[in-house]
Amino acid sequence: MRQVAIVGAAMTKFGVSEKTNLEMFAEAGLEAIARSNLEPRDMEALFFGNCLGDFEEGQLHMASFAHAELGLPVSAPATRFESACATATVATRHAALLVGAGVYDVVIAGGTERATKMGTPLATRTFAMASQAQHESSAGITFPGVFAMATHLYAHKYGIPLKDLKRHMAGVAVKNHYHGSMNPKAHFQKKIDIDMVLGGMMVADPLQLFDCCPFSDGAAAVVVANAGKAKDLIKNPIYIAGMGQASNGPLYLQKDLTRVRAREASIAQAYKEAGIGPDDLDVIELHDCFTIAEILALESFGVYDFGKAYDAATKGETALNGARVVVNPSGGLKAKGHPIGATGAAQITEIVEQLRGESGPRQVEGACIGLVDTLGGDLGTVCNIILTNRAN
Amino acid sequence: MEYKITFNHYQQGLEQGKFLGLTCNACHSVIFPPAAVCRECGSSDLTPTELSGRGTLRTFTVVRVAPEGKKPPYIVAMAELDEGPWALGNLINMNPDAADMGLIGKRVSLGRHMVKGDTYASDDTWVLTFALKDA
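Note that the protein sequences, when read in sequence, are chains A and B.
Numbering of the first sequence is given in the numbering used here, commencing with residue 1 and proceeding in unit increments.
Numbering of the second sequence is given in the numbering used here, commencing with residue 1 and proceeding in unit increments.
Think of the hints as simulated: they come from the structure by calculation, not from any bench.
Please note: incorrect hints may appear among the correct ones.
[Unchecked claim] As a list, the in silico DSSO-like pairs of lysine-lysine whose alpha-carbon atoms are at most 27 Å apart:
| # | chain 1 | residue 1 | chain 2 | residue 2 |
| --- | --- | --- | --- | --- |
| 1 | A | Lys157 | B | Lys106 |
| 2 | B | Lys4 | A | Lys255 |
| 3 | A | Lys315 | A | Lys191 |
| 4 | A | Lys117 | B | Lys71 |
| 5 | A | Lys157 | B | Lys133 |
| 6 | A | Lys163 | B | Lys106 |
| 7 | B | Lys4 | A | Lys157 |
| 8 | B | Lys71 | B | Lys106 |
Keep in mind it's a predicted model, so treat the numbers as computed, not measured.
Could you put the whole structure together from the sequences, leaning on the hints where they help?
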């Protein structure tokens, strides 16, 4: 495999948008191409992410229209990826695999989502479509419900009183909203406190409103290039050091939801390829769709032992200037927002900017190695990308 | 490769109050609900079996913000069946507001209830239920 680099990355503001899926994607995509000092005609393929365009806008086959919106040449194939919330990371991984294999030199990847258009009842219904239809979504399980069940399992398994665990989970929300307050692209840019989290409406016991990420609109895109060419394009390419992706089935086959086996398999692949371990990470953008999800992820990475990450945020270990490793400096899905088809490319955008030292007030000083972690469905897909600002 | 028990066959079993599964002849695990191959070892050498319908509750949630078409609050739970597999279903015969951590580890008996299809998933489906043994 050839070494592969990210030469341009961009995202729209996340939040509530009046723009169409295509308009948002073109904004992000054209900016990513411009930041790469390239033109749309230079793109050899589009790896396009979108989950719910059919429900949001009655639009299937959106990849070919996104291709047209960007002005890509007819010879550049556009392919749609759908891996629930992990969509754009999976799209980017496949882009990087084909560039690494020498099929293409320069391609664009990313995604777009316009989830707020659906309203909460339909959005909740369509998100639940990412659970197994015959045996699980038929029982009325929702995404907050999945992570709520994981929370109860976690409290029971590790003997942590639920009240204490919830206070520590609230600490995750407070930290990520604090980070989001420094991100002008974030859906929510206001700090919150633990009492606000613990006073929120109950969504799925024991998860309250501020334990949950929002439905958001937004798009993000990255230009992926052969590393040999990257240095000719821009002065500070960010290199892909390792990648992983793994799959697991429905919840009833996963059993103990505190162990995200797909993530454990995915991160092992990424660490191996990069030749690093958890202690080498300077900055992490991980899939905090719910507060408990950040805790589970840090344990899967080996940054903390199993059963030990629950109080990382309240101890200040994962905040900007924290003692251990900075987690979700962008605000994460919690505060930055979660337009599901776009999220992974926005996480990559944040890590690229962090490794270039471009993150302003939320810059992680001296960050050299960053991890992107995106989870899709009810723990059934995980994709990881490790990025570095140092060439091999 | 032919399915020993299709989803439709499994549903007919549920309608009659039977919990149809498979036993793997290679590694002796029980597969429930039925599938094409054994999840543990990948073998397709499977023999139909009927499960006891008893288990232990492992986790739960009370859904209060529901998908379009569902009426909250209701309880979704996972139980470990005595034969080994875990199952997801609705905990019934219980006030959702009374659900707490004390449920975990409680013995449950398996049942089923009919969930009507909606615009997107048009099949009416028998869904597993759990009821506390001492309730």
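Kindly indicate which numbered hints from before are broken by the structure, ordering the numbers from low to high.
7
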